[in-house]
Amino acid sequence: MFINLTEYSGPAEIETDICIVGAGIAGITLALELESASRDICVLESGSFVHNAETQSLAEGENIGLPYYPLIATRSRLLGGSSFDWAGISRPLDELDFEQREYVPHSGWPITRAALDEHFERAHRYCQLGPYNYSTDFWATSDAPLLPGDVGDLVTKIKLEKPVRFGREYRKQLDVAPSVRVFLSANVTEFEPADDGASISKVHAKTLDGKAVSVSAKKVIVATGGIENARLLLSSNKIHSTGIGNQHDLVGRFFMEHPLIPTMELQLARSDLNLSLYTGQDRDGIGVKGYLTLNDDTLRRERMLNVCATLDFISADQRVAKSLKGVLSAVRIWNSIKQGEMPRDFGAHVANLVSDIDRVMIYSYERAFMRSPESVSIVVELEQAPNPASRVTLSSDVDRLGMRKTKLNWQMGSLEKHTINRFGELLGKEVGRAGIGRIRMLQRNEDGWWAGMRGAWHHMGTTRMHADPKQGVVDSNCRVHGVSNLYVAGSSVFTTCGFANPTLTIVALAIRLADHLKGLK
Amino acid sequence: MGSEFFIARRRVLRQLATTIGAAAISSSAYPSRNPTCGISDTNLAVTIDALILDQASAAIIGEAYLAQHNEERSADLLSRKIRESLGAKTGEIDQQALLNQIRVDFERTDIINLHGWLLSRTEARLCALCTF
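Residue numbers (the numbering used here), protein chains in the order written: chain A, 2 to 522; chain B, 126 to 257.
Please note that the accuracy of each hint is not assured.
Said to hold, decoys possible - Between beta-carbon pairs, the in silico distance windows are:
1. A:298 / B:229: 41 to 47 Å
2. B:232 / A:297: 20 to 26 Å
3. A:283 / B:205: 35 to 41 Å
4. A:302 / B:229: 19 to 25 Å
Source of the hints: derived by calculation from the structure; they are not laboratory data. The beta-carbon is built from N, C-alpha and C at its ideal position, and this holds for glycine as well.
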C-alpha cells in the first residue's frame with residue numbers, strides 16, 4: 002500500500018521487519034522479492050508518483066572535479082527512481098570485471114560472475130528483456146551479421162534495450178502487496194545507530210514540511226543510488242563523527258562513472274558493409290545492439306580496462322555536438338524542474354554548439370544520412386578504474402531539510418587514457434587488416450581528454466564491496482562492515498564497473514540480497 | 126593549414142579506404158585522374174596510377190608522411206623500400222600485390238599515425254611517391 006507521509010496520521014514511531022530506504026530500481030526489486038505473509042516491509046521514498054520540483058531540489062549538489070552534469074539532473078527522486086528516464090540498456094558485467102587484475106589497482110570483487118548468473122536471469126524478468134542470452138550466435142542473423150572476415154582480436158558483445166519504468170510498471174504490485182507499506186514524501190535524513198554504533202536502531206524521515214517519523218527495523222537497506230547512499234551514511238554521524246560504516250574513510254570514495262567519449266571515426270572501405278547489428282535493431286520490442294570490443298586475453302595483455310565502441314552513422318564532430326547538447330539539455334531539465342514545470346522538448350532548444358567545435362572538421366550533413374554512409378562515428382564506452390581520489394563528500398551547504406548537500410569530485414587517470422589510445426590503435430589495426438576501413442583518432446584537448454566526453458549518469462563504487470573492511474564498505478552480502486543490520490543496495494556497492502550499463506547488475510544484486518535476507522533466521 | 130587541406134585529405138583517405146577494399150568501384154563516381162607520379166620506377170608508377178584515384182590529394186598525405194620521415198624524401202628510396210617490403214626488387218608489381226602488402230602492414234602493426242589517421246606504411250609511402 003502507498004501512504005503519503007504528508008497525509009499520514011498514524012503513529013510517529015513505526016516498527017517493521019525490513020526498512021528499505023528508496024523506491025528506485027533496487028528498492029522496488031527488494032520489496033517485491035521480500036514481500037510475504039511472514040515479513041513486514043516498510044519502504045521510505047523521498048518522492049511521489051510524479052516529479053516534484055521541491056523534492057527534486059534535494060538532489061542538488063556541487064561538482065568540483067571533471068566536468069559533469071548538474072547533480073540534480075542526473076537523479077530522480079520519485080517512485081521508480083532513475084528508471085524514470087533511463088535508456089533501458091542492459092548487459093551483465095563480464096567475468097573479467099570481477100577478477101583481480103594486477104594492472105588495475107583496487108580491482109577484484111569478493112564474488113564471481115558465476116555466483117550471480119542465476120540472479121541475472123531473474124533480473125531479466127524485472128527488466129522485461131526476454132531470454133537471458135547475450136551470445137552473438139543468438140542475436141546475429143544474415144540480415145544483421147557480425148563484421149565480415151577475420152577481425153583478429155576484435156569481438157562483438159551484445160547489449161539489450163528496453164526502458165522499463167519501474168515506478169509505473171510495478172506500482173500496482175506494490176500497492177496490493179499485503180505486507181508492503183510504501184511511504185511517499187518520506188525523506189530519510191539520518192540513520193540512528195545504537196549506542197555502541199554496531200547496529201541501526203532507527204531510521205528518521207520527514208516531509209519537506211517537517212512532519213517526522215522514525216522507523217525501527219530488524220534490517221535496514223539503503224537503496225537511494227550511488228551518490229545518495231554515500232551521502233546518507235556520511236550524514237549519519239551522531240555516534241561516529243565520520244559517518245556510518247566509514248571507520249576506514251572509504252564511504253564516498255572510488256566514485257566511478259562510465260565515460261562516453263567520441264574518440265574516433267571509422268572511414269569505411271566498402272559501400273556494401275552491413276552494420277545494422279551495430280547501429281541497433283528492434284526485435285519484438287527489445288532493442289539489440291552490437292558493440293565492438295577486444296577479447297579478454299588482449300585486454301589483459303595490453304593492460305587495458307574493459308572498453309567497447311558504439312557505432313553511429315553521424316560524423317564524429319556531430320557526435321561531439323550531440324554530447325555537448327546532452328549537457329545543455331540536462332541543465333535545461335534542471336531549470337525547468339526548479340521552476341516547477343516539466344521540459345516539453347528534450348534537447349531541442351540548444352544554443353549554437355558549432356562554435357565549440359573546429360569548423361574545419363565538421364562533416365557534411367548528407368554523409369550522416371546516406372543509405373550507405375561512408376564514415377561512422379565511434380563513441381568509446383569505458384570502464385573507469387577504481388580511484389580513491391574520485392569521491393563523494395559533503396558540502397558545507399545544506400538543503401531545506403538541513404542535510405548537508407553532496408559534493409562530487411569525479412577523477413580519472415592515466416589508465417583510462419592508455420585504454421582509449423590503445424583501443425584506437427588496435428581497432429585501426431584490425432579494421433585495416435580486414436579491409437573494413439581506416440580509423441581516424443580525434444584530437445585531444447589540452448587536458449588530455451577528448452571534446453564531448455561525458456558521463457552516462459551511472460554512479461558507482463561509493464560503498465564498494467570487499468571482504469576486507471579496510472578495502473570496502475560492505476561485505477559480499479552487501480552488509481555494512483561493523484553494522485550488524487545495515488545493508489546497501491545499488492551500484493554504490495560495485496567494486497569495479499566494466500563497461501556494461503549498471504541496471505541489470507543492480508537488479509541482480511538486489512535479488513541476491515533478498516535471497517540472503519530470506520535465508521537468515 | 127586551411128580548411129582545403131582537411132577537405133582534400135578527407136577525400137583522398139576516403140578514396141584510399143574504398144580502393145583498399147575488395148569491391149570494385151565505378152570510376153564514374155570519382156573525378157578524372159592525374160597523370161602518373163614523377164618516379165623513375167615506371168612499373169610502380171603505373172600501378173600507383175591505377176590504385177590512387179586522386180594523386181594530388183594523395184600527395185598531401187604523402188607530404189605529411191615525409192614530414193615525419195624526412196630520411197625517406199627520395200622517389201628512388203621510397204620505390205626501393207616498397208619493393209623490398211614486397212620481396213620484389215625487380216619485375217612487375219601489380220595492384221593486388223600492393224593491396225596484400227597493405228594488409229600485411231596492418232597484420233604486423235606497421236601503422237603510421239598521420240594527424241590521427243591510422244594508415245599502413247605502404248600506403249603512406251605510395252602517397253609519398255605522389256609528391257614527386
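Regarding residue 232 (chain B) and residue 297 (chain A), is the given constraint of 20 to 26 Å on their beta-carbon distance met? Since residue 232 (chain B) and residue 297 (chain A) have Cβ atoms about 21 Å apart, the given range 20 to 26 Å holds.
In this structure, is the beta-carbon distance linking residue 298 (chain A) and residue 229 (chain B) contained in 41 to 47 Å? violated (23 Å)
Cβ separation of residue 283 (chain A) and residue 205 (chain B), checked against the hinted range 35 to 41 Å: 55 Å Cβ-Cβ, so the 35 to 41 Å window is violated.
Go ahead and decide if the range 19 to 25 Å is satisfied by the Cβ distance of residue 302 (chain A) to residue 229 (chain B). holds (22 Å)
Consistency note: the structure conflicts with the earlier hints numbered 1, 3.
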